[in-house]
Amino acid sequence: MSADLDVDAILADPDSRIIVCCGAGGVGKTTTAAAVALRAAERHGRRTVVLTIDPAKRLAQSLGLSELDNTPRQVKGIDTEATGGELHAMMLDMKRTFDDVVLAHTDPQRAQEIFANPFYAAMSSTFSGTQEYMAMEKLGQLRARDEWDLIVVDTPPSRSALDFLDAPARLARFLDGKMLRLLLAPAKTGGKSVFSLVTASFGIFSRVVQKVIGTQLLSELSGFVAALDSMFGGFRQRAEQTYRILQAKETSFLLVAAPEPDAIREAAYFAQRLRDDRMPLAGLVLNRMHSPVAAGLSAADSRAAAEALDASGESPIAADALRIHAALTEQSAREQRVAARFTDSFPTVPTVAVMAQPADVHDVDGLRSIGEALA
Amino acid sequence: MGGGSARSRGEHVTGSWSARLHVVTGKGGTGKTSVAAALALALARGGNRTLLVEVEGRQGIAQLFGLDPLPYEERRIATVPGGGEVRALAVDAEAALLEYLDMFYKLGAAGRALRKVGAIDFATTIAPGLRDVLLTGKAKEATTRSVNGRRAYHAVVLDAPPTGRIGRFLNVTAETARLAKMGPIKTQSDGVAALLRSPMTAVHVVTLLEEMPVQETLDAIVELDQLGIPVGKVIVNNARPPLLADGKPTQAELRRGLAAAGLPADRATVAGLHAEAKAYLARRELEDSLRAELAELDRPAIELPQLPGGVTREGLDVLADTLLR
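Residue numbers (our numbering), protein chains in the order written: chain A, 1 to 375; chain B, 1 to 325.
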């Protein structure tokens with residue numbers, strides 16, 4: 001079994017500035033991020049900001065995020081008297097973040113043209129990589145302000161955890177890539193270049209696009225590209241900058257998983273990817289684990305005893321209790337086996353198990369107890 | 001893409017699963033893919049052929065059935081006693097676009113060159129809604145395809161995006177209305193939208209008896225209702241049998257029971273069992289209130305049992321049995 005993950009050591013280290021919580025959808029990333037941030041503020045006296053992506057309603061309320069808010073807000077009602085820490089929370093608003101990027105990099109008139117373009121509206125709210133890109137953008141902005149001791153980031157509920165690393169580069173590639181330039185001015189690239197096959201087929205593509213989706217759309221797209229032209233280069237550069245921050249020593253990735261095959265498989269892909277990209281994986285948080293309290297009693301003995309009690313008609317309540325114990329023991333064993341698929345492949349990655357809570361966490365007390373369990 | 005066959009309408013339907021296109025959604029982690037696979041197996045019984053479609057590039061079906069990653073091709077993945085079979089298709093938006101362009105514009109090699117410059121990638125990701133039009137369009141094509149005057153598939157089961165994205169995914173007309181006001185894409189999306197709003201379609205929502213999945217189920221059903229897309233069943237996955245219906249055990253009673261069954265009745269074991277039973281009851285109380293919230297929806301609901309051996313082929317057959325019950 002792997003070494004224990006020491007979350008407190010990371011939180012206490014002043015050189016640790018960014019924690020990224022990542023993993024498959026539905027494994028408790030948002031709650032983990034909030035719990036880690038709360039503990040950093042309360043226990044370690046750090047001025048902390050947590051960037052969450054769409055928290056559960058009641059969790060948002062407990063963090064003072066009852067309305068969508070793209071700027072950090074201080075969380076009240078937490079216990080930082082002894083340590084002097086602070087907790088601020090914000091929820092990513094990807095359209096607002098995109099708008100701000102546009103405003104920061106172009107003149108107001110251009111910005112208005114961009115905002116009015118239907119392509120921009122679609123891309124800033126529905127493009128599959130936009131949320132990931134904007135989460136990275138926001139992280140870059142928060143880091144650049146140098147106002148916080150620690151930034152904790154929750155990552156978007158992507159189709160795959162890897163989208164978080166890939167989508168920003170993909171979006172940046174679109175926004176300053178060859179493709180858009182071709183689309184903008186196919187004539188300029190001419191027929192003489194080495195891209196002749198490409199441009200020839202691109203001509204076909206343009207004609208097909210015109211036929212399929214119409215000239216109206218193409219002219220809107222051209223307008224969009226023309227308006228964004230002043231920002232070309234910026235997107236990729238910024239994505240690369242944030243990427244480098246993610247590789248720096250000041251960053252720790254916390255991989256979050258539930259003991260289910262899909263989540264563990266995603267976690268393994270992600271761990272491998274972080275290793276390949278030389279990004280600092282601090283450890284694995286195994287959420288929602290189960291463990292029997294009556295550890296000395298096997299599942300098989302309990303089931304057999306329950307059946308014996310059924311047959312004799314004695315103590316049906318004890319028979320039920322034994323069945324509950326048997327199911328819990330079996331579930332625990334199954335979870336250990338599933339988790340071992342990760343730990344066997346990555347024996348050097350420290351892990352910590354967090355037991356399943358009786359109810360979902362949606363207040364500061366709940367977050368605090370998750371924080372305890374992590375430490 | 002292919003038209004429906006009026007003649008095929010009279011074919012045998014399976015119990016309460018009368019739709020032809022079954023869209024399965026649910027919050028991430030609720031077991032959508034397993035439920036979709038079990039439904040495809042169930043509907044293939046009695047000598048039928050069903051198609052299980054995935055659209056998110058996750059290769060969840062291949063993993064579930066222990067297969068190598070599926071290509072963009074309808075391929076048999078399981079046979080069902082009685083001569084039925086399940087085929088699977090992993091739809092790739094890029095491949096679907098190339099197929100579409102080739103079908104209508106004979107693009108061939110030029111299409112592949114477009115892929116190199118990222119044009120296809122561009123079209124399927126940036127163009128608003130085009131990706132979803134292509135993916136749902138493929139599901140529609142398979143649902144309505146006929147071969148020699150007979151339906152190619154008795155039913156198509158779509159392992160769809162999670163609840164958070166399902167409305168946008170299925171609302172193809174609204175998306176393309178912003179994109180194209182006429183032309184083949186418009187015709188195509190109108191056709192898909194009509195199918196998705198007809199009784200031929202049912203969107204089933206998978207949930208667990210946990211707060212977030214139940215909340216997302218309620219939200220998704222409101223959204224689908226507003227879009228006029230028919231909601232099928234609420235499927236509670238991983239339901240555990242109710243125990244301790246007669247009340248809370250006392251430590252004394254547990255001690256008696258353990259002794260009667262010939263097991264050690266030491267203090268630690270008794271206290272441990274007691275704590276486990278208490279936690280179980282607290283959990284069940286929450287589950288019951290969530291179940292009551294779901295019941296208020298007044299929709300057909302099914303509970304699928306937790307599979308003790310995990311999701312194996314045998315386990316999927318157990319789920320299929322329950323779905324048909």
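What the hints contain is simulated information worked out from the structure, not anything from laboratory work. Since we're looking at a predicted model, the values are computed, not measured. For glycine and all other residues, C-beta sits at the position ideal for the given N, C-alpha and C. Some clues are possibly wrong.
Said to hold, decoys possible - Facing chain A, from chain B, some residues (calculated, C-beta under 7 Å):
(1) Ala78
(2) Thr79
(3) Ala239
(4) Pro242
(5) Leu244
(6) Gly257
(7) Leu273
(8) Glu276
(9) Leu286
(10) Leu290
Status of each hint after checking the structure:
| no. | hint | verdict |
| --- | --- | --- |
| 1 | Ala78 | 19 Å, violated |
| 2 | Thr79 | 24 Å, violated |
| 3 | Ala239 | 13 Å, violated |
| 4 | Pro242 | 9 Å, violated |
| 5 | Leu244 | 5 Å, holds |
| 6 | Gly257 | 2 Å, holds |
| 7 | Leu273 | 5 Å, holds |
| 8 | Glu276 | 5 Å, holds |
| 9 | Leu286 | 6 Å, holds |
| 10 | Leu290 | 10 Å, violated |
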